[in-house]
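Number of protein chains: 4
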Amino acid sequence: MEKKQTAILLIHCPDKQGILAAVTDFINVNKGNIVYLDQHVDYVQNTFFMRVEWDLKDFIIPRDKIEEYFRTLYANKYDMVFTLNFSDVKPRMAIFVSKMSHCLFDILSRYLDGGLNVEIPMIVSNHADLQWIGEKFGIPFHVFPITKENKLEQEKKEMELLRNERVDFIVLARYMQIISEDMINEFPNNIINIHHSFLPAFIGAKPYHAAYERGVKIIGATSHYVTTELDAGPIIEQDVVRVTHKDTVKTFIHKGQDLEKIVLSRAVEKHIDRKVLAFKNRTVVFS
Amino acid sequence: MEKKQTAILLIHCPDKQGILAAVTDFINVNKGNIVYLDQHVDYVQNTFFMRVEWDLKDFIIPRDKIEEYFRTLYANKYDMVFTLNFSDVKPRMAIFVSKMSHCLFDILSRYLDGGLNVEIPMIVSNHADLQWIGEKFGIPFHVFPITKENKLEQEKKEMELLRNERVDFIVLARYMQIISEDMINEFPNNIINIHHSFLPAFIGAKPYHAAYERGVKIIGATSHYVTTELDAGPIIEQDVVRVTHKDTVKTFIHKGQDLEKIVLSRAVEKHIDRKVLAFKNRTVVFS
Amino acid sequence: MEKKQTAILLIHCPDKQGILAAVTDFINVNKGNIVYLDQHVDYVQNTFFMRVEWDLKDFIIPRDKIEEYFRTLYANKYDMVFTLNFSDVKPRMAIFVSKMSHCLFDILSRYLDGGLNVEIPMIVSNHADLQWIGEKFGIPFHVFPITKENKLEQEKKEMELLRNERVDFIVLARYMQIISEDMINEFPNNIINIHHSFLPAFIGAKPYHAAYERGVKIIGATSHYVTTELDAGPIIEQDVVRVTHKDTVKTFIHKGQDLEKIVLSRAVEKHIDRKVLAFKNRTVVFS
Amino acid sequence: MEKKQTAILLIHCPDKQGILAAVTDFINVNKGNIVYLDQHVDYVQNTFFMRVEWDLKDFIIPRDKIEEYFRTLYANKYDMVFTLNFSDVKPRMAIFVSKMSHCLFDILSRYLDGGLNVEIPMIVSNHADLQWIGEKFGIPFHVFPITKENKLEQEKKEMELLRNERVDFIVLARYMQIISEDMINEFPNNIINIHHSFLPAFIGAKPYHAAYERGVKIIGATSHYVTTELDAGPIIEQDVVRVTHKDTVKTFIHKGQDLEKIVLSRAVEKHIDRKVLAFKNRTVVFS
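Residue numbers (my numbering), protein chains in the order written: chain A, 1 to 287; chain B, 1 to 287; chain C, 1 to 287; chain D, 1 to 287.
If chains are identical, the list can't say which one is meant, so a pair holds when it fits in one copy or spans any two.
In silico EDC-like pairs for lysine to aspartate or glutamate, Cα to Cα no more than 20 Å straight-line:
1) K270 / D239
2) K250 / D113
3) K99 / D113
4) K280 / E181
5) K246 / D273
6) K255 / D239
7) K16 / D38
8) K275 / D247
By construction, these hints were calculated from the structure, which means they are not laboratory data.
These figures come from a predicted structure and were not determined experimentally.
Bound-form chain A, shown alone (with noise of 0.2 Å):
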């Protein structure tokens, strides 16, 4: 089955009468052909969500005029802060690890599957630990060992490698690093972190032994985008499993893992298909 080329429009902006009617009325009339639209209306914040995607292959519009016209026409006019993505331009995504490799392997085996519309040009780590995954997988893995001294050199370093590598997002699995602001604005709402808690609960390090001396009966996972404060980024994702007083913080961990991997890859996939609208701390993530 050929795969239809698309283009993929994300919007916010105020709240206005008529906006949802202008999109679609700009879509339609230069005749694409919509396959997804979805809206939403925060009524507290009076800010209008939307995401829409058209099948290109009627639309009078050339594609690299889309964003001008839409620009010009609407977006100017309504204030809307918009991105537009093609289905066929793969985003570039680095996985950044360190030692475990259950979130590793989640992503690259719906990678390899063909699951993913995305392009892995290299894995980073802080450990050589995993090297043998990247060489198992033909995927260029750089280690950058990381000492309190050298963190911000190494950064560099790895930033010139994403600049040259055109990376266009950051995908944390099990990196057990803080990122420093320089790398976290030069990708704002671009670094996808798994944090193996619930948040709000349990920030920080050791998360699932601080559960266990709380005494939950629940634990869980959360993905979010990487903000400067730690831990506290817009939350993409959630889930969390039930634990009894039979577990250990060993279970914890082994019951958390299965957790980690899916929530971090359901937030790389809804990412990757332009899904996700970052406002405010809060996300819309549409279906």
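Following the hints, put chains B, C and D in place on chain A, whose structure we already have.
The following block gives chains B, C and D in isolation, referenced to the frame of chain A:
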């Protein structure tokens, strides 16, 4: 169907060889027929936990002597902390409420249905709003309006009332007051609260507002024993429900109320059935 | 806080370009302020679904003319099936019960709490067991004992009563009788049942016993509109809870009752709020 | 950390007084240090179930004599059915696949991570599609194309191979063939299947399509032991995920695959850890 008269023993002690055999032996040789047995060994804390229930019909030790015999023959030897209860002695429960009725209704509907092996000699409130429910169901409803100034004084009166009515434990069914240390100390591990968040996230006031602000994708409710540290006592039960960007604080509250009442009622049932054992700020909850 | 008077339009029709714009335009140009809008396109069935709600305060079409205008100007053009309702007109709901009270209590507690925008002119039962609840809450309770012989005759009387009281929809709150075709046809997609299993598993009688026999690890409950095929109507809501080898039929029933009442009440709330749209044995449930 | 050598005893027998004491006594007096003990009494079937694991370091019975001693001294007396296994003897597992890789990848990623105490001498398939995965991970991959005509003949060859490689149990990781009675009888309660529905709903082919047609609001996956009746064997694990009217068959499949792989891997882990005990078409799954 006539209900069996049973004895219920809840035990914890340092784990040693032969405890389980000793306890079951005590029951078996004295012609008690075990109808429930569950045990748990916490190998981290090296502690043994057990709940055993047996039919008293042919038991050769008179019921008013069981505690003494068990203590003398076994409990002292193994450094056990234990409680002995009888299924035909209903514990006496006070319900504390403020203005919201959903948790109160849920408990009362189970009670009226014959599903709770408990007596409810009173409902206590700092407001008169729900007095009509007490009247409708024929349960004495006592109003103790509370201000900063009269709080300790009012609690004293409440405690007197609780003592006079031989109340065994208290359920805070969305009672919007912090309980003072005196009352907590009089009812150790016998005050059950429902907190409308997934603890330890969102301790304190207005957790749904805080959860909305944080942009979580799942909300929760937690029932726990009240200790002197706010919302930090041993957790008995938790549950969660998904929310999306379409939810508002109002729908958080609405969805949350269904969680709150079920989570609280489950904890109350477990407590009444002597299935909860609090130990060092965690609980063992037998099935 | 005074509640707004709103109009609620539920629509489905073959998907065509411009429908959404047309409907929102109808409201906007006539000075209706939209307070809720959600739409869904089913690209498999090529069908458009929509729920829109707007404030009537400044709306220039008189409310008794809205239906006619909308039909003439839009609905006919787009082959729409639609219903128009007003938030200040409470639908009239009959509750059918047998001997179990948990679902009835749950609905009534929401109703008494002001949480259901509905009128309850009657409870109907084939047994007198729960009559006391009707009396306690001041709701007329009608007993129609049913035998094989008198079933159709009794249902005729029930239908007469339902007509006399202008009942809009019926909730079967664990009513242990199969509804006959005549009554189903008189209330198409307006009889809500709760089945105590995860449909389509365990259709028919004694689903908890069947689930226990099958050795499932999760049990469920399903609310659905009643159609002439047993337990096969459009599903509105489902939920599940975990069970283990420690559970028995008795604890299945106990855990299940909590599911049943919440799942049924959620479906009833959605129905009352005009958020359910049944289409070809499936439902669109707006958030 | 050096791993302990332990013995694991799985037992079931008619419930009688003193069994638990007898078994723990057997271990204790022979200087075995118990590291895990869980038991369950099914009072409906009057059957006792137990899993006990002990450190062999100081155990005075030689490990090759334990089975004989236990049988002679206890098992015969109590009519026990039991299995004895040692933690340092890895069971040998064959994985059967067809064309879908997600379950295979999930199992292999756990295996490579050191998380499965198992040996995988082979992957078997009726198609060559996933051969590259076997090659990548260095696991022999055997292709047995299956037609109506050659099915029994091919299965004979498979069984010969399984015998030659001393395979203990088989995992059907989305293997799209029905296993014949001969093979099932050779591996009683040792063939684990994943069915992509919440059994017993949607038995047989295309369960996601059937679930979509039925309009369910939750989909599930079930891992179970294979018996001669299709999809009717003892269930080991189930899990579910919510769907809405926005989902399609395609997204059912996508969401379902995440369920399938986790549910299957959990069942495989439990089986490897000797924590599953099948009894009369139900399972006891120890924690």
